[in-house]
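Asks: Residue numbers (this note's numbering), protein chains in the order written: chain A, 8 to 387; chain B, 2 to 259.
Since the hints were made in silico from the structure, they are not lab data.
There could be a bad hint or two in this list.
Stated by the list, open to error - With a Cα cut of at most 25 Å, we get these calculated DSS-like pairs of lysine-lysine:
| id | chain 1 | residue 1 | chain 2 | residue 2 |
| --- | --- | --- | --- | --- |
| 1 | B | Lys235 | A | Lys50 |
| 2 | B | Lys17 | A | Lys270 |
| 3 | A | Lys270 | B | Lys231 |
| 4 | A | Lys41 | A | Lys207 |
| 5 | A | Lys50 | A | Lys207 |
| 6 | B | Lys52 | B | Lys153 |
| 7 | B | Lys194 | A | Lys51 |
| 8 | A | Lys317 | A | Lys339 |
| 9 | A | Lys273 | B | Lys17 |
| 10 | A | Lys240 | A | Lys181 |
| 11 | A | Lys240 | A | Lys339 |
| 12 | A | Lys321 | A | Lys273 |
| 13 | A | Lys51 | A | Lys270 |
| 14 | A | Lys336 | A | Lys364 |
| 15 | B | Lys246 | B | Lys257 |
| 16 | A | Lys364 | A | Lys291 |
| 17 | B | Lys50 | B | Lys201 |
| 18 | A | Lys51 | B | Lys50 |
| 19 | A | Lys116 | A | Lys195 |
| 20 | B | Lys231 | A | Lys273 |
| 21 | B | Lys48 | A | Lys51 |
| 22 | A | Lys51 | B | Lys246 |
| 23 | A | Lys51 | A | Lys116 |
| 24 | A | Lys204 | A | Lys41 |
| 25 | A | Lys364 | A | Lys208 |
| 26 | A | Lys240 | A | Lys291 |
| 27 | A | Lys205 | A | Lys41 |
| 28 | B | Lys146 | B | Lys179 |
| 29 | A | Lys51 | B | Lys179 |
| 30 | B | Lys235 | B | Lys257 |
| 31 | B | Lys231 | B | Lys244 |
| 32 | B | Lys17 | B | Lys231 |
| 33 | A | Lys41 | A | Lys51 |
| 34 | A | Lys240 | A | Lys41 |
| 35 | B | Lys52 | A | Lys51 |
| 36 | B | Lys197 | B | Lys48 |
| 37 | A | Lys50 | B | Lys52 |
| 38 | A | Lys50 | B | Lys201 |
| 39 | A | Lys195 | A | Lys207 |
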Amino acid sequence: MNFDYSDDHIMIRNMVRDFAEEVCGPGAEERDEKEEFAYDIWKKCGELGLAGITFPEEYGGIGADYMSYSIAIEELSKVDASVGVTISAHSSLCANPIYMFGTEEQKQKYLVPLATGEKMGAFGLTEAMAGSDASGTRTTAVRDGDEYVINGTKCFITNGYYGDIYVITAQMDKSKGNRGIAAFILEKGTPGFTFGKKEKKMGIRSSATYELAFENVRIPAENLLGQEGQGFKIAMATLDYGRIGIASQALGIAQGAYEAALKYSKERVQFGMSLSQMPVIQFKLADMALEIEAARLLIYQACDLATQHKPVSKHAAMAKVFAAEVANKVTKEAVQVLGGYGYTRDYPVERMMRDAKITEIYEGTSEIQRVVIAANILKD
Amino acid sequence: MNIVVCLKQTFDTEAKIVLDSTGKIDSAGVNLVINTYDEFAVEEALKLKEKFGGEVTIVSMGGDRVQEAIRTALAMGADQAVLVNDPSIAYADEAAIADILAKAVATIPYDIILTGRMAVDDGSSQVGVRLAEALDIPSVSSILKLDVEDSKATATREIDGGTEIIETTLPAVFTAQKGLNEPRYPSMMGIMKAKKKEIKVLTLADLGTSAADMAAKMNAPKFSLPSARKAGIKIAGEEAADKAKELARLLREEAKVI
Numbered sequence: 008m009n010f011d012y013s014d015d016h017i018m019i020r021n022m023v024r025d026f027a028e029e030v031c032g033p034g035a036e037e038r039d040e041k042e043e044f045a046y047d048i049w050k051k052c053g054e055l056g057l058a059g060i061t062f063p064e065e066y067g068g069i070g071a072d073y074m075s076y077s078i079a080i081e082e083l084s085k086v087d088a089s090v091g092v093t094i095s096a097h098s099s100l101c102a103n104p105i106y107m108f109g110t111e112e113q114k115q116k117y118l119v120p121l122a123t124g125e126k127m128g129a130f131g132l133t134e135a136m137a138g139s140d141a142s143g144t145r146t147t148a149v150r151d152g153d154e155y156v157i158n159g160t161k162c163f164i165t166n167g168y169y170g171d172i173y174v175i176t177a178q179m180d181k182s183k184g185n186r187g188i189a190a191f192i193l194e195k196g197t198p199g200f201t202f203g204k205k206e207k208k209m210g211i212r213s214s215a216t217y218e219l220a221f222e223n224v225r226i227p228a229e230n231l232l233g234q235e236g237q238g239f240k241i242a243m244a245t246l247d248y249g250r251i252g253i254a255s256q257a258l259g260i261a262q263g264a265y266e267a268a269l270k271y272s273k274e275r276v277q278f279g280m281s282l283s284q285m286p287v288i289q290f291k292l293a294d295m296a297l298e299i300e301a302a303r304l305l306i307y308q309a310c311d312l313a314t315q316h317k318p319v320s321k322h323a324a325m326a327k328v329f330a331a332e333v334a335n336k337v338t339k340e341a342v343q344v345l346g347g348y349g350y351t352r353d354y355p356v357e358r359m360m361r362d363a364k365i366t367e368i369y370e371g372t373s374e375i376q377r378v379v380i381a382a383n384i385l386k387d
Numbered sequence: 002m003n004i005v006v007c008l009k010q011t012f013d014t015e016a017k018i019v020l021d022s023t024g025k026i027d028s029a030g031v032n033l034v035i036n037t038y039d040e041f042a043v044e045e046a047l048k049l050k051e052k053f054g055g056e057v058t059i060v061s062m063g064g065d066r067v068q069e070a071i072r073t074a075l076a077m078g079a080d081q082a083v084l085v086n087d088p089s090i091a092y093a094d095e096a097a098i099a100d101i102l103a104k105a106v107a108t109i110p111y112d113i114i115l116t117g118r119m120a121v122d123d124g125s126s127q128v129g130v131r132l133a134e135a136l137d138i139p140s141v142s143s144i145l146k147l148d149v150e151d152s153k154a155t156a157t158r159e160i161d162g163g164t165e166i167i168e169t170t171l172p173a174v175f176t177a178q179k180g181l182n183e184p185r186y187p188s189m190m191g192i193m194k195a196k197k198k199e200i201k202v203l204t205l206a207d208l209g210t211s212a213a214d215m216a217a218k219m220n221a222p223k224f225s226l227p228s229a230r231k232a233g234i235k236i237a238g239e240e241a242a243d244k245a246k247e248l249a250r251l252l253r254e255e256a257k258v259i
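Starting from the given sequences, assemble the full structure and let the hints guide the process.
Replies: Structure (structure tokens):
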């Protein structure tokens, strides 16, 4: 067990940190206020190679390990959690299932442009009746000659509208429940595929979250991802890896809030001393630092397993639920340390607190993470 | 085109300066970076390579930690590096540094040499021009723009209150001023490829010289931190005219500047 960062990890952290501070930082507050997606920042991320960090070079990726990916998402999210999730959803939820389950043709056609950042990806699993319970999927797919016909709607889709390539799930045989679900690759612009409302959210307001609508959308049979009936398994495997991305986002949010609180505590003077000289505040900061450190280590353990292609389900779930809960605790406490000023939009901590909440919900609620962990520990 | 960039590793400008027990600057735990002005030089070198083809070689000197700065430049797109690493150069002065760099640069082909106009730590602003003198080639310092055509270069140089345009033959040394360009971020691919690029490490002996030959003509016996800033004074007075009078009095009698 080596607890050192490699030289590459240090260089990656420095580069993404600089990029986040200089490019993502200045407009973050305004984008949050206006709920504006920064397409130009996404493009720059692609140019820097941040869209395909874990994919092999032969598919247009960087061929780096999961820790490199985690570091990149963390540093982006520290400054703007919306940018962090844009990259995470694109890589883990769209490009990765194609990498894991796609045919060689599908990888060449879809994975390569996703990995290079030429195209943006999204994942359409969630529906009004299918949140934690995927068997509630009502979107249908019917085989018709050498095509599939898709009908239905998806909601809360990150990178919707701007995304070019979508991995979606659809029910092909309701009598089979989860085993009737299939996954498909769908391109923006396919006739019948439109976008519904843009969600008005509490946080990650500059992340693009949209409804998807499918009305007799015809796609070639070659766009089936994996096998018919394999869709649920594909979705679950996809979410396992995606949880590392979200855990990293939560870690970044927590780290950003903690650093803001630490800095403020040294500057703010009340009762003739800086807040950082008061034991009450020192304990708050100590708890933040220690919980962040614990989350970090859990994430890096999951990264190590993922990089080695070892089973990662339990550790990814642990990392995600822990990091998300830490992010919520730390951001709330950071607002508290900044007091009245922390409650205003002049300081970034209120945005971080609003951003943190979603990490306990998407890519599997904290309750579902515990279901996954329990299932794993009880089968051992 | 053979493009050489001389780069120095310095403290991050936001780092806190601490003196150790012997009164020297302590670099333990400090974040070290490529000297800001050398970053402009690296970027300009990469732009020349993109335009003319060829290679960019980084030349630097210092201890093992300098490799971090060199790797970052390699990650930005430079091709290889030469590092002079010898314990005796730790306290070399600007003349010795320039001589050592000149000897290191002379081991490789060069058409153009770029470096920053100044190091942000000691602020001497000497080494680039001294290097040109040691190599017996022209130098243009503090450039804001550089155009190269065949074996001729036209540089726009920042001077007091304006700019001047200087034409010179190549090879020559150009020192970069802020505004020359916007240094690129190393890409992820660049970072992954950097570790495969060669950093040739040389000692003074490899350069055919020794510590004795490079003895500093100037040395800094003592460092001290600046004295703590005193609180400002609020000028007393009812009207602006009164305050101006009081300010004039203070400037004359206390600050003694007028």
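Asks: Hints first: check each against the structure and report whether it holds.
Replies: Hints and how they fare:
no.: 1; hint: B:Lys235 x A:Lys50; result: violated, 51 Å
no.: 2; hint: B:Lys17 x A:Lys270; result: holds, 15 Å
no.: 3; hint: A:Lys270 x B:Lys231; result: holds, 23 Å
no.: 4; hint: A:Lys41 x A:Lys207; result: holds, 11 Å
no.: 5; hint: A:Lys50 x A:Lys207; result: holds, 24 Å
no.: 6; hint: B:Lys52 x B:Lys153; result: holds, 15 Å
no.: 7; hint: B:Lys194 x A:Lys51; result: holds, 20 Å
no.: 8; hint: A:Lys317 x A:Lys339; result: violated, 35 Å
no.: 9; hint: A:Lys273 x B:Lys17; result: holds, 15 Å
no.: 10; hint: A:Lys240 x A:Lys181; result: holds, 16 Å
no.: 11; hint: A:Lys240 x A:Lys339; result: violated, 36 Å
no.: 12; hint: A:Lys321 x A:Lys273; result: violated, 39 Å
no.: 13; hint: A:Lys51 x A:Lys270; result: violated, 30 Å
no.: 14; hint: A:Lys336 x A:Lys364; result: holds, 10 Å
no.: 15; hint: B:Lys246 x B:Lys257; result: holds, 15 Å
no.: 16; hint: A:Lys364 x A:Lys291; result: holds, 20 Å
no.: 17; hint: B:Lys50 x B:Lys201; result: holds, 21 Å
no.: 18; hint: A:Lys51 x B:Lys50; result: holds, 22 Å
no.: 19; hint: A:Lys116 x A:Lys195; result: holds, 14 Å
no.: 20; hint: B:Lys231 x A:Lys273; result: holds, 20 Å
no.: 21; hint: B:Lys48 x A:Lys51; result: holds, 19 Å
no.: 22; hint: A:Lys51 x B:Lys246; result: violated, 56 Å
no.: 23; hint: A:Lys51 x A:Lys116; result: holds, 22 Å
no.: 24; hint: A:Lys204 x A:Lys41; result: holds, 16 Å
no.: 25; hint: A:Lys364 x A:Lys208; result: holds, 11 Å
no.: 26; hint: A:Lys240 x A:Lys291; result: violated, 42 Å
no.: 27; hint: A:Lys205 x A:Lys41; result: holds, 13 Å
no.: 28; hint: B:Lys146 x B:Lys179; result: holds, 10 Å
no.: 29; hint: A:Lys51 x B:Lys179; result: holds, 23 Å
no.: 30; hint: B:Lys235 x B:Lys257; result: holds, 18 Å
no.: 31; hint: B:Lys231 x B:Lys244; result: holds, 21 Å
no.: 32; hint: B:Lys17 x B:Lys231; result: holds, 19 Å
no.: 33; hint: A:Lys41 x A:Lys51; result: holds, 21 Å
no.: 34; hint: A:Lys240 x A:Lys41; result: violated, 38 Å
no.: 35; hint: B:Lys52 x A:Lys51; result: holds, 22 Å
no.: 36; hint: B:Lys197 x B:Lys48; result: holds, 22 Å
no.: 37; hint: A:Lys50 x B:Lys52; result: holds, 24 Å
no.: 38; hint: A:Lys50 x B:Lys201; result: violated, 36 Å
no.: 39; hint: A:Lys195 x A:Lys207; result: holds, 22 Å
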